[in-house]
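K.L.:
Each chain, letter by letter, is given below.
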Amino acid sequence: MTHTATLELTGLGKSFAGLKAVDDVSLRLATGEILGLIGPNGSGKTTLINIMTGLLPKTTGTVVIDGTDVSRYPAYRVARAGLARTFQTIRLFKNLTCLENVEEGAVGVGVGRRQAVVRARDLLAEVGLTDSSNKLARELTFGDQRRLEIARALAAQPKFLLLDEPAAGLNEEETDALLQYLKPLPALKHIGILIVDHDMRLMMSLCDRLHVLNYGRTIAEGTPGQVQNDPQVIEAYLGSEAKAHA
Amino acid sequence: MKRFTDWLLRRSTVWLLLAIFLIGSFVIWWLNIPLIEDMFTVGAITLIMVMGFQMFMGNSGILSWSFVGYVGIGAFVSAICSMQPQLKSMQIPVMYDVLVKIHMPFPVALVVGAVVAALIAAVIAWPLMRLSDAVGAITQFALLIVINVLLAQWQEVTNGPRTFTLGGTRLTTFWVAVLVAAASIVVAYFFKESSWGLRLRASRDDRYAATATGVNVIAMRYVAYVISAAIGAIAGGLYSHYILSITAASFYMSQLFQIMSMVVIGGSMSVSGAFFGTVLVTLADQGLRQFEFFLTQQGANAYGITEIVLAILMILFLILRPGGIAGGRELSLAGLAGRGRKRKQKREQEEPLEPDTTD
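Heads up: the sequence lines are chains V and X, in that order.
Just so we're aligned, residue 1 is where the first sequence starts under our numbering, counting upward by one.
Just so we're aligned, residue 247 is where the second sequence starts under our numbering, counting upward by one.
To be clear, the hints were calculated from the coordinates, so they are not data collected in a lab.
As the structure is a prediction and not an experimental result, all values here were calculated from the model.
Below 20 Å or equal to it, Euclidean Cα-Cα: the simulated EDC-like pairs (lysine to aspartate or glutamate) are:
id, chain 1, residue 1, chain 2, residue 2
1, V, K183, V, D122
2, V, K183, V, E165
3, V, K183, V, E173
4, V, K94, X, D451
5, V, K135, X, E439
6, V, K94, X, D379
7, V, K189, V, E33
8, V, K94, X, D452
9, V, K94, X, E439
10, V, K135, X, D451
11, V, K135, X, D452
From just these sequences and the hints, can you work out the full model?
P.N.:
See below:
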């Protein structure tokens, strides 16, 4: 029951016409933990998520989910192998109701309609959207859309959840609510979370470990405390002059 | 018992639509005016086409130009299957001997027509299903032209550009058309609500998000396309056995345009929308034709005014209300009750109740 699964990326790379957007990135995530992926704009975080989920074809490397090599799987089979995600620019099914959106999250990976409804109701209650069940997704406020997208991803009961900038566009209060919701989630649902975000306050208090990218390459990995003091990370974020002044 | 009533309530859309349609049919049948019965029968056959069209286009969001081609395939195949061999060799002297010999009962012929159309769709569709938006629409359009050219030129099968006359009596009766149309509403609704329908609708709204939730978008489109072709072919078979003389031109742009205007005006994303679009456009069409006839009698050359008005209506809908009348919503008891409640609330807000004197 409480078997620990791992998500393992080895030597992952992606080139766009010679430009290496992601270059030889390896990381490991186990169920029960939260790994943060940070780096300056354009450092390849979203590309990394897109190639590990199969949405973009990768140039090199392998992705192994709980012992299954999914490197050559089409995107929908990667999802079925236990990798759910949200998008930086929210991608909901705009003309479906909130309930249908979450149901689809379960139905998409092969759960029957009847069981999917039960799951969807529970998840909507969990993220506080029960009252909006029959509203169309496009009628929701921005913050509610973010929560709906997370509920949809969880409906698949994935082993791993990838969150691409879930706090973008949220105010401080909403970000705190998100933190409160996500923090106990790995233990509760027995999943591993990989999160990308620019909100350092959120990332520092949420993540067990941080993985830092710059120009598509890994420059550091460790606990938030270690990474914060890593000279290479400081340089990447503040430029080399900052180091000179420090 | 409670579970059963719950089920009825949850599926109220399909019962309401069936009730409206069947009550309408009974009234028309009771009135017993041949001209109106005739219009209604053709309307019911058109409704089957609309349901088949909505099933693919409404759920996948891909404009399926080729649909009417499958209607034509069904019309010709079922006619060839059901006609008496002697009649066939008389009407179409050049027909292949193998085809002349075939003879089967009408219902079987309908099914064979549907199966042939579905097989053709199944063979062609896989590469097409990767395409959506403009590219998809253009390839679909090209496919329609291919099917049309085949139907219009393959004279050993379809009598080529000449009229294909079935002869004999109308095998599609009023009630046959009504019952199959009722069945098509049920199929379209339950497909939309099935897990396949849900996945397909998800892919319509956002292909990438659907893929990321485990949906094999191409496979879902493929299944819907093939079923849609089969339903279209059944409608085609009913059509040819009602009209009794067909040509390839019966299954081309003008027919497609009619189906499309119904679905666009009613709202492609819901079965209710497609249903009411069919009712509305059929009524408007008949009304406009009467008007056109009247104008022509007055000496004005008004030929074509019906098509022009419908085209303008469709353009206006596309600009002002792209979701159609229904806007993706289904007719349902819960929806009707909700609307009643809202209206009441609004009334109460507008005219405050008597001042409360009890306290």
